[in-house]
Amino acid sequence: MTRSRKGARRTPAVRKAARPAAVRGATPDRMAMGKDDLLFEIGVEELPASYVAPALEQMEHLARTALEELRLSCARLETLGTPRRLALVVRGVAVRQTDIEEEIQGPASRVAFDAEGRPTPALLGFCRGKGVDPAAVRRVKTPKGEYVAATIRHVGQPAALVLPKTLASVATRLQFPKSMRWIAANDTRFARPVRWLVALLGGHTVPVRAFALEAGRSTRGHRFLHPRKVELSTARDYARALERARVLVEPRRRARRLKEQLDHAARRAGGRAVADPALVEINNFLVEWPTVFAGRFDAGHLKLPREVIVTALREHQRFFAVEDGEGRLLPMFLAVRNGSLEGIDQVRKGAEDVLAARLEDARFYWETDLKHPPWDRIEQLGGVVWMEGLGTLRDKATRLESLAGWLAERIAPEAAVPARRAALLCKTDLLSEMIGSGKEYASLEGVIGSYYARVAGEPEPVAAAIAEHYRPRGPADALPVTPAGVVLSLADKLDHVAGAFVAGKVPSGSEDPYGVRRAGNGVVRVLVEQQRHLDLREATMETTQPFFARHPELPHATIVKKLGEFWRGRVEAALEDRDIPYDTREAALEAQVQLNGARPRPGWIDPWDCHERAGALAGFRGDRRFEPLVILFKRVANILKAATEPLPEALDRARLAEDAERALLEALETARRRTDPLWRQRAYREILPALLDMEAAIHGFFDRVLVNAEDAPTRLNRLRLLTEVRALFVRGWDLSRVVVEGERG
Amino acid sequence: MPGLNPQRSLQEMVLTLETFWAERGCVIQQPYPSEVGAGTFNPATFLRALGPEPWRVAYVEPSRRPKDGRYGKNPHRFQQFYQYQVLLKPSPEDVVEEYFASLESLGVEPRAHDLRLIEDDWESPTLGAAGLGWQVWMDGTEISQFTYFQQVGGIEVALVSAELTYGLDRIGMMLQGKNRVQDVAWAPERRARGRIVAHRVTWGDLWLQNEIEYSHYNFEQADTAAHVEMFKVWEREADRLLDLGLVSPGYDGVIKCSHLFNVLDARGAISVSERVGYIARVRKLARKAALAHLKQRESLGFPLLEDEAERAKWVKPAEASA
Chain A
7 MTRSRKGARR
17 TPAVRKAARP
27 AAVRGATPDR
37 MAMGKDDLLF
47 EIGVEELPAS
57 YVAPALEQME
67 HLARTALEEL
77 RLSCARLETL
87 GTPRRLALVV
97 RGVAVRQTDI
107 EEEIQGPASR
117 VAFDAEGRPT
127 PALLGFCRGK
137 GVDPAAVRRV
147 KTPKGEYVAA
157 TIRHVGQPAA
167 LVLPKTLASV
177 ATRLQFPKSM
187 RWIAANDTRF
197 ARPVRWLVAL
207 LGGHTVPVRA
217 FALEAGRSTR
227 GHRFLHPRKV
237 ELSTARDYAR
247 ALERARVLVE
257 PRRRARRLKE
267 QLDHAARRAG
277 GRAVADPALV
287 EINNFLVEWP
297 TVFAGRFDAG
307 HLKLPREVIV
317 TALREHQRFF
327 AVEDGEGRLL
337 PMFLAVRNGS
347 LEGIDQVRKG
357 AEDVLAARLE
367 DARFYWETDL
377 KHPPWDRIEQ
387 LGGVVWMEGL
397 GTLRDKATRL
407 ESLAGWLAER
417 IAPEAAVPAR
427 RAALLCKTDL
437 LSEMIGSGKE
447 YASLEGVIGS
457 YYARVAGEPE
467 PVAAAIAEHY
477 RPRGPADALP
487 VTPAGVVLSL
497 ADKLDHVAGA
507 FVAGKVPSGS
517 EDPYGVRRAG
527 NGVVRVLVEQ
537 QRHLDLREAT
547 METTQPFFAR
557 HPELPHATIV
567 KKLGEFWRGR
577 VEAALEDRDI
587 PYDTREAALE
597 AQVQLNGARP
607 RPGWIDPWDC
617 HERAGALAGF
627 RGDRRFEPLV
637 ILFKRVANIL
647 KAATEPLPEA
657 LDRARLAEDA
667 ERALLEALET
677 ARRRTDPLWR
687 QRAYREILPA
697 LLDMEAAIHG
707 FFDRVLVNAE
717 DAPTRLNRLR
727 LLTEVRALFV
737 RGWDLSRVVV
747 EGERG
Chain B
1134 MPGLNPQRSL
1144 QEMVLTLETF
1154 WAERGCVIQQ
1164 PYPSEVGAGT
1174 FNPATFLRAL
1184 GPEPWRVAYV
1194 EPSRRPKDGR
1204 YGKNPHRFQQ
1214 FYQYQVLLKP
1224 SPEDVVEEYF
1234 ASLESLGVEP
1244 RAHDLRLIED
1254 DWESPTLGAA
1264 GLGWQVWMDG
1274 TEISQFTYFQ
1284 QVGGIEVALV
1294 SAELTYGLDR
1304 IGMMLQGKNR
1314 VQDVAWAPER
1324 RARGRIVAHR
1334 VTWGDLWLQN
1344 EIEYSHYNFE
1354 QADTAAHVEM
1364 FKVWEREADR
1374 LLDLGLVSPG
1384 YDGVIKCSHL
1394 FNVLDARGAI
1404 SVSERVGYIA
1414 RVRKLARKAA
1424 LAHLKQRESL
1434 GFPLLEDEAE
1444 RAKWVKPAEA
1454 SA
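Each protein sequence line maps, in turn, to chains A and B. When you line the first sequence up against my numbering, it's residues 7 to 751, in that order. When you line the second sequence up against my numbering, it's residues 1134 to 1455, in that order.
The hints are simulated quantities; they were obtained by calculation from the structure and are not laboratory data. Note that this is a predicted model, so its numbers are computed, not measured. Just so it is clear, CB atoms sit at the ideal spot from N, CA and C, and this is done for glycine as well.
In silico lysine-lysine, DSS-like type, Cα no more than 30 Å apart, as pairs: (1) A:K235 x A:K41; (2) B:K1311 x A:K445; (3) A:K355 x B:K1311; (4) B:K1417 x A:K184; (5) A:K377 x A:K445; (6) B:K1365 x B:K1200; (7) B:K1417 x A:K511; (8) A:K184 x A:K235; (9) B:K1206 x A:K377; (10) B:K1200 x A:K445; (11) A:K309 x B:K1311; (12) B:K1206 x B:K1311.
Far from chain B, by Cβ distances over 10 Å, these chain A residues were calculated: (13) V146; (14) G411; (15) G442; (16) R556; (17) R627; (18) E672.
Quick look at which bits of chain A chain B covers, simulated, 3 or more residues with Cβ under 8 Å: (19) 224 to 236; (20) 355 to 366.
Use the sequences and the hints to build the structure in full.
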């Protein structure tokens, strides 16, 4: 279908508000026409559990857009699915497309009509071409003169006629992380082979053709409980008919039943299922007919760390752990079966046997590992390469030890001793059987190390720091909480980032195979959320130093510069995550922070401080003094931007002869005195309005004093004064980055 | 077949599967007489999965994974195990249903078990082969692998095959209710006129000593220098033979290289970085064999293509007339 052509504009009559000019005589009679329910089901061999929900989301989105484009209104659109089927159910779909009217422009009036006002062959030809009655054309005035115009009504097609192609395209456009071919001489891909299609509009089939199949009305029941075709009489019948065939096709209903059964089974066993919504979701998309059953394991395995047991249950078998009222694990599990209770004892025995073998493996790893206290394993770290070209984990341990000391001095002096010890120990669990041999336990690195440290008699702060040092692993993960844990977590990530930049494993675009951005975000999250100050430029110097000492040939300055850009980016991302608008972020990031007379440094260098300043400015935006403050700053900044001459090092106060000059100096000094303690307390919310106290003096200065005076010393001295005014603002914000009303667009 | 009880012994299980798949048009082949890591290495799968010719085959494959040996002590892990391999090309529409029907023929009542298809993106780095499919779980244990080949020898396949690989030992343990493979019956007791004519023979009777000896060999005794040398020799031979268009002997060289590498790996003679290099060398040869095989089949006019029109599509005119 052509969407637009020269001189013509199509607009659905229903979208009156959007383009009222083009709509004449909307057609309520048509809009009230018949409606029916639509069902489209893609029957597929078992999809990976994690694929189902995203595919349903895409399907909903694609279908909604497609129906809109087809001008088929509908009441409600929903998706349903299991590992074996992705379905779209649309309630109240119009059985006919909405009519549209098209405004078309014909030849110029002087060409269309002869001297007597009769239609010329040109007009008649135009009318024939468009199927318009020559009597129905109108004359319209355009900037290019008068033309003839006509309105063509396009009567909507029946939905059954236009749906097949659209539904086929919805199905073939679904994207999966991995897809495959299976049809001979056909490159159509899908996550697994599609075996049937159902498309019904009310009681009629819609002949959708895709995947070398044609849609009909027969779906299939549960693979084993109802291994037959199921004929659907109407779209509306879908969920009920499938339920009779032992398929609960609505994900939410299935999840509800699953949770009820979990609760019930746990209660019967005298405990409760350990909460794990992600595991419920996985199980929900592994089955069409869930049945929960309980199984047991040898209570002797409860000697294993809780995390190991939960992982053994969860990672391969997708079982739920069960705990008592005090949160202690019970020697049992809950499993979800795709079927009924038939043969459940056999199924349970199978599950118990498999789990027993896994727990025995874990027990073997655990007991073997206990023979090697972590402290004895430090030297063995020398056998494990850390990052290509950057030495071994033993080298990393040395760096972490020294970095932990340096960081502790700055953020938690009391944690120095345990943090340094934990730094040496924290990677030794990578040598353990549990992590090295038991692949499914790899996610427990750090956690398992802390258990081994405790058993070996390491002090609790050391063990806790080891457990916490990988945190946070992502934006939703918990932060380290013990002082030594915080220190070590920061040290590990700072070293990781520096090492990656030294080794050239720099993240680019969406690629970040070494998790460098994640590490950087982790650092910023810890600092901001735990309100800790750290100078990231100093930290960069400290972390790169050991690498540079070993590799003098590297371009040190370039690497440090790139690291600076990286950290600025991480701080900015953190501000963005907290919904700070772009211009406010820039104002805070581009500040020249001055602390206790030290050299000014870029605004992003201390992430928490930057966050506080950005937050204060964002909060001040709603204040009526906000705009005058920004305007005031810009007045100062603009004139300085234009000044290119080198300014004197210091202000010559004696040279400030005029009243307005002296008044400005006085206002500046008052503002300095007033804000000085506030800067030290970082009371940014109070500083912003305080800066506005200079308003009258600044405007008075500009109104009464010619800044760019003829006399050079006078001119430069005045600019110097303005520079000092500007500097007081820029300690917190570069307000020239802020966009205020009236400047936009 | 009267008296065949797949729940009683492994050999009856195998005979049942042979019958099941023979009835569905499979050529019943025999194990490949060379050490392979899986049924996929057998040329009846690796080479025949290439090109446009339809092909259905089934066979038992004794598969060797030197690293998995446990001196016969572990109930689940051994350096030689038994796969039942089925390749259906092109993959039929009801292939999943047929697979489950084959389990039923073994006496597995699907409703009374928890049978699952668990996603598995299969990949063989040495063969340059990859596909999508599943592990099949029965009551929590993996009993089979099911793969739709997408790539073989680094070549996108012309016709997608379904490869079904049954773990015979595992399935046997489950059908016979044994917790140790050593106790699984291989052959049942036989009686004639009320007297035992043949005693029951177990997996352990047949293979336990073999497991112990090969574990010693793979982990302690294999001459690593000789293996490194043999790898080089077979790599050279395979390369040379494939250049000559001698596909079968050339591909045998590839299989040998793969096994020699596995032994070296079990022996701990290969470092992490060397490992990648060895795998790449075998993969390169496997690709060469795949290309040589395709070329040869094409020059033969893809003889298993029955349909002339289909053949015309695949055989380049110049070569067809040559």
